[in-house]
Amino acid sequence: MEIDHALLMQTFSAEAEEQLAAMEQGLCGIEQRPDDGELLASVFRAAHTFKGNAGTVGLHALAAHADAIEDALDAMRTGRLAVDARLVSALLAAVDALRAELAATGDEGAGDEGASKAHDAAFAAVQRLVKPTGERLPVAQPAESAGGLAARASASAPAHGNTLRIDAAKLDRMLSLSGELSIARGRLRTHLLGAGPGALEQALESHVEADRLYRELQDEIMRARLVPLGPIFRQYQRVVRDLALEHGKRAELMIEGEDVEIDTTVAEHVRGPIMHMLRNALDHGIESPERRNAVGKDAVGRITLVARRDASHIAIELRDDGAGFSRSKIAARAGLALEDAHALEDAELLERVFEPGFSTAELRSALSGRGVGMDVVRRNIEALRGTVAITSEEGVGSTVVLRLPLTLAIIDGFFVDVAGDTYVIPLEAVTECQELLPETVRHADGSGVVSFRGQPLPYLRLRELFGLEHAAPGREHIAVVKIGERQAGIAVDALLGQDQAVIKPLGPLFRDVPAVAGSTIGGDGRVALILDVAALLDLAEARAQQRSPLSPARSSRDATRPRERADREHA
Amino acid sequence: MTQPVRANEPTENTRKADYLTFFIAGEEYGIPILRAREILELQALTRVPAAPACVRGVLNLRGAVVPVVDLAIQFGQPACTAGKLTCVVVVEVALAGELAVMGLIVDSVHQTIELSESEIEATPAFGTIARCEFLTGMGRVGAKFVLLLDLDSALSAEQLYRGVPAAGAVAGGQAEKGGGLAADV
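Chains as they are written, first to last, in the numbering used here: chain A, 66 to 636; chain B, 3 to 187.
Don't read these hints as lab results, they were simulated from the structure.
Hints are not guaranteed to be accurate.
[Claimed, not checked] One side of the interface only, derived from the structure: several residues of chain A facing chain B at Cβ under 10 Å:
# : residue
1 : 487
2 : 571
3 : 575
4 : 585
5 : 591
[Stated by the list, open to error] Covered by chain B, per the in silico footprint, the following chain A stretches (three or more residues, Cβ under 8 Å):
# : stretch
6 : 525 to 533
7 : 577 to 584
[As the list claims (entries may be wrong)] Cβ-Cβ distance ranges computed for the label pairs, FRET-style:
#  : chain 1 : residue 1 : chain 2 : residue 2 : range
8  : A       : 247       : B       : 144       : 54 to 64 Å
9  : B       : 100       : A       : 293       : 32 to 42 Å
10 : B       : 78        : A       : 277       : 51 to 61 Å
11 : A       : 459       : B       : 66        : 50 to 60 Å
12 : A       : 142       : B       : 99        : 53 to 63 Å
13 : B       : 135       : A       : 459       : 55 to 65 Å
14 : B       : 119       : A       : 279       : 50 to 60 Å
15 : B       : 78        : A       : 576       : 20 to 30 Å
16 : B       : 94        : A       : 255       : 35 to 45 Å
17 : B       : 163       : A       : 73        : 54 to 64 Å
18 : B       : 119       : A       : 251       : 49 to 59 Å
19 : B       : 43        : A       : 251       : 25 to 35 Å
20 : B       : 135       : A       : 258       : 55 to 65 Å
Being a predicted model, the structure only gives us computed values, none of them experimental.
All residues carry an ideal CB built from backbone N, CA and C; glycine is no exception.
Isolated chain A (complex conformation) (with noise of 0.2 Å):
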């Protein structure tokens, strides 16, 4: 029997990679707490089994390879070797070095002369702490370049590709609620075209049950789609450590909530700003052991990565106890005098870190301040309609906090009509709906006030907001919308109630379309905008400050206007 080597090849190199990512993490462990045995049997076994597979696979200068760095966790295991960071930094380059041996098997070429001469050096190196006999040699492999692990960080990534591991008891799940699904239709056909009496009750019941086993269908997808963060922030500790280590820091990663999950697409978009406010971290937040010392700290800085999961979202906090922001360098760096600063809020004040540019380090490093800043982590974070907020207390740390959306692909909606189009409020943003009663104060560009709860809230009106030609009906309603602290009322022409929505994009014509952050079809089959509130409310917030008697836009609704009606004739 002929075995599919490709095949093979496959299943070894997934493998492969999920063991050495293994003994990368244990290997950083090992150097933070040299007595876990526990930890080093895991890497040890972690070392075996690639050794083991690569033979299998025919990869025996792999296996060789392996087998030194097995020697080595040996004799540190048997107390021969004692952990220091210079041992744990050649048996990471030599992890490295499997790796690039492993990327390479894949490609036909064969790799070039002088990054199998490094291999080799790198696993030379570690050969040499092994040996008993010999004088230790000085270790001249110093980690990486930060721009090589930039680069290791997201080549790391696209490594798996678009495939993802699913249990295959969840395929058999879908497997089977698909199955439930056409037997569903079935039964709805048949009540469809039969004629008789309670046909049609009988036909929108059985809607009513397909359409709760497509709503678990989907559900079911969607969870497939979930990937723990765990094995994302592991990834991290390694690269905490070496940039520390670069900068004669002292750092250690924690992490807590390693089993929650995210969508595939949401994990690899926040790889990058991670890494970012990571690098900021340890540049920037964490001070050098002397300094930590003489201020009372622990020389060893302490970064954690949490992950929390609230109702529609996940909150990913990085907090570290370094230096914090310091007002003064920021106030200098946004160019504000000293005593305007001072009568910024904290939160104002951090504000301005967003700003394209910032950097507060006076030396630029490798690591950061390279221009490329706060802002592109903002920017990516926001396109996946997500949230950054920052909070630090100088000379304690700072924590900067990402706010995420489970899955990119639906969102709850709550969907309302205004002058005869659907538009669709993301539900999470809804707190609840009131009718708006003719007497409120009412301005000419359509907002006003209501009470809410004995309260005064500000509202909006989408007609004319967006310019819509179309009477008012006689009763509006106001949705109720609170993002983050600001709160405010979005009067509509009906309420239609909540729905999921399929978010499509608007596409390259529409880019710049203020408010809007996408569209979806609605139950009727016509397009629904979905609002961006916040942006929605940054424009109200906008126009009332520039509130002008006549509004520049407002001598073309002329030319609209038989537009308008040949869509009512048309309806």
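We have chain A; now place chain B onto it with these hints.
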């Protein structure tokens, strides 16, 4: 309609192409038939805030969101009113280097014609309702001319946004931030 005599070998002057013709604001326009994807009945469109006036809205084409353009407005004519023969010609356009699908509102679709290069004349500098940069030429059909549209130019975002802005408060004011979703989902 006079059909030109077919030469034995296709030369510059005898290469032929099919065109779909339709009426916009009383004039007959033509587009290469290969650029037309389908013809739809005019349906209720969803308006998009701050879009140019000539972009009447978007429609759902089997799950894809397609912008619909009223070229009459772009050519400075009164907007196309919905009638019995009004329809939407769905066309393919190269928009900023990407292939995009857009709809054109037309008063009525007329016919398909075959034109050889010798039957296509250069557009005069003035005298046409459509600006001459929106036209690739004029096709001679009998004693009349069909205006051949340059879709990529007439439907470019640049040209559309150059036209009259739509009414509404958001049209004039610049958006604080573009609220684009990740389009690669």
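Each hint tested on the structure:
1. 487: holds, 8 Å
2. 571: Holds, about 6 Å.
3. 575: Result: holds, 6 Å to nearest chain B Cβ.
4. 585: Because about 9 Å separates residue 585 (chain A) from the closest Cβ in chain B, which is inside the 10 Å limit, the hint holds.
5. 591: With a minimum Cβ separation of about 6 Å from chain B (threshold 10 Å), the hint on residue 591 (chain A) holds.
6. 525 to 533: holds (count 5)
7. 577 to 584: holds (count 8)
8. A:247 x B:144: 54 to 64 Å: holds, 57 Å
9. B:100 x A:293: 32 to 42 Å: holds, 36 Å
10. B:78 x A:277: 51 to 61 Å: holds, 54 Å
11. A:459 x B:66: 50 to 60 Å: Given about 52 Å between the Cβ atoms, the range holds.
12. A:142 x B:99: 53 to 63 Å: Check passed, 59 Å falls within 53 to 63 Å.
13. B:135 x A:459: 55 to 65 Å: Check passed, 60 Å falls within 55 to 65 Å.
14. B:119 x A:279: 50 to 60 Å: Taking Cβ atoms as reference, residue 119 (chain B) and residue 279 (chain A) lie about 54 Å apart, which means the hint holds.
15. B:78 x A:576: 20 to 30 Å: holds, 26 Å
16. B:94 x A:255: 35 to 45 Å: Between residue 94 (chain B) and residue 255 (chain A), where Cβ atoms are some 42 Å apart, the hint holds.
17. B:163 x A:73: 54 to 64 Å: holds, 56 Å
18. B:119 x A:251: 49 to 59 Å: About 57 Å separates the Cβ atoms of residue 119 (chain B) and residue 251 (chain A), which means 49 to 59 Å holds.
19. B:43 x A:251: 25 to 35 Å: Since the Cβ atoms of residue 43 (chain B) and residue 251 (chain A) sit about 32 Å apart, the hinted range of 25 to 35 Å holds.
20. B:135 x A:258: 55 to 65 Å: Given about 57 Å between the Cβ atoms, the range holds.
The structure is consistent with each of the numbered hints, conforming to all of them.
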